[in-house]
Amino acid sequence: QKEVEQNSGPLSVPEGAIASLNCTYSDRGSQSFFWYRQYSGKSPELIMSIYSNGDKEDGRFTAQLNKASQYVSLLIRDSQPSDSATYLCAVIGKLTFGQGTILTVHP
Amino acid sequence: EPEVTQTPSHQVTQMGQEVILRCVPISNHLYFYWYRQILGQKVEFLVSFYNNEISEKSEIFDDQFSVERPDGSNFTLKIRSTKLEDSAMYFCASRRGDRVGQPQHFGDGTRLSIL
Chain G
1 QKEVEQNSGP LSVPEGAIAS LNCTYSDRGS QSFFWYRQYS GKSPELIMSI
51 YSNGDKEDGR FTAQLNKASQ YVSLLIRDSQ PSDSATYLCA VIGKLTFGQG
101 TILTVHP
Chain H
1 EPEVTQTPSH QVTQMGQEVI LRCVPISNHL YFYWYRQILG QKVEFLVSFY
51 NNEISEKSEI FDDQFSVERP DGSNFTLKIR STKLEDSAMY FCASRRGDRV
101 GQPQHFGDGT RLSIL
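In order, the protein sequence lines correspond to chains G and H.
For the first sequence, the numbering used here begins at 1 and goes up steadily by one.
For the second sequence, the numbering used here begins at 1 and goes up steadily by one.
Hints should not be assumed to be uniformly reliable.
Stated by the list, open to error - Lysine to any residue pairs mimicking SDA-like chemistry, simulated, CA-CA at most 20 Å apart:
1. LYS42(H) / ASN7(G)
2. LYS42(G) / SER87(H)
3. LYS78(H) / ASN51(H)
4. LYS42(H) / GLY9(G)
5. LYS42(G) / ASN51(H)
6. LYS42(H) / THR104(G)
7. LYS42(G) / ARG111(H)
8. LYS78(H) / GLY40(H)
9. LYS42(G) / GLY40(H)
10. LYS83(H) / GLU44(H)
11. LYS42(H) / LYS56(G)
12. LYS42(H) / GLU45(G)
13. LYS42(G) / PRO2(H)
Think of the hints as simulated: they come from the structure by calculation, not from any bench.
Using the sequences and the hints given, assemble the complete structure.
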């Protein structure tokens, strides 16, 4: 089983829609979870961190964590073309990344 | 806003040569990392460094690789006797502490091309 696994992509949503990105992890002892965004040829850019069960909102982004189900997700509301990128789910401590989900927001 | 800086942005080297990739972490950060991303593949952990020693390393980080913090600001990755398959983007990251929720901040990366 992969340590961090993301839902298969690519994901395509129309502008203004909600994009839902999902991630599961295998280490039940994991404590911190991060969503990074990576544009092609660029470095990962932190979007959100979450470490408590429940939802965490920051602008158009909402991260959700369910430790019992070992599941973390990212919702992007009012998706914009500029949100088109690869989204990486990552789990601390050596920061294990999922394979990424390519999101395309089309006008 | 403070950021992690990496140099050079692109390094082209002949196979078998040694390369040194340089990173300047954020000044008050204590934990340092190197990652690799082969074109089209996921970001892979190489090594973490704290208190002037390696704290964790992956299977990728074999004897060909070494890291060093030669002074108070630089953090380097040395690759000896480079191979074609070492061609990748190498990212440095730093983290202020190890408290739950503290993120790693990434530099822009060095693209390493082995010919």
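Checked hints:
| no. | hint | in the structure |
| --- | --- | --- |
| 1 | LYS42(H) / ASN7(G) | holds (14 Å) |
| 2 | LYS42(G) / SER87(H) | holds (16 Å) |
| 3 | LYS78(H) / ASN51(H) | holds (19 Å) |
| 4 | LYS42(H) / GLY9(G) | holds (14 Å) |
| 5 | LYS42(G) / ASN51(H) | violated (29 Å) |
| 6 | LYS42(H) / THR104(G) | holds (18 Å) |
| 7 | LYS42(G) / ARG111(H) | holds (10 Å) |
| 8 | LYS78(H) / GLY40(H) | violated (23 Å) |
| 9 | LYS42(G) / GLY40(H) | holds (12 Å) |
| 10 | LYS83(H) / GLU44(H) | holds (17 Å) |
| 11 | LYS42(H) / LYS56(G) | violated (26 Å) |
| 12 | LYS42(H) / GLU45(G) | holds (14 Å) |
| 13 | LYS42(G) / PRO2(H) | holds (18 Å) |
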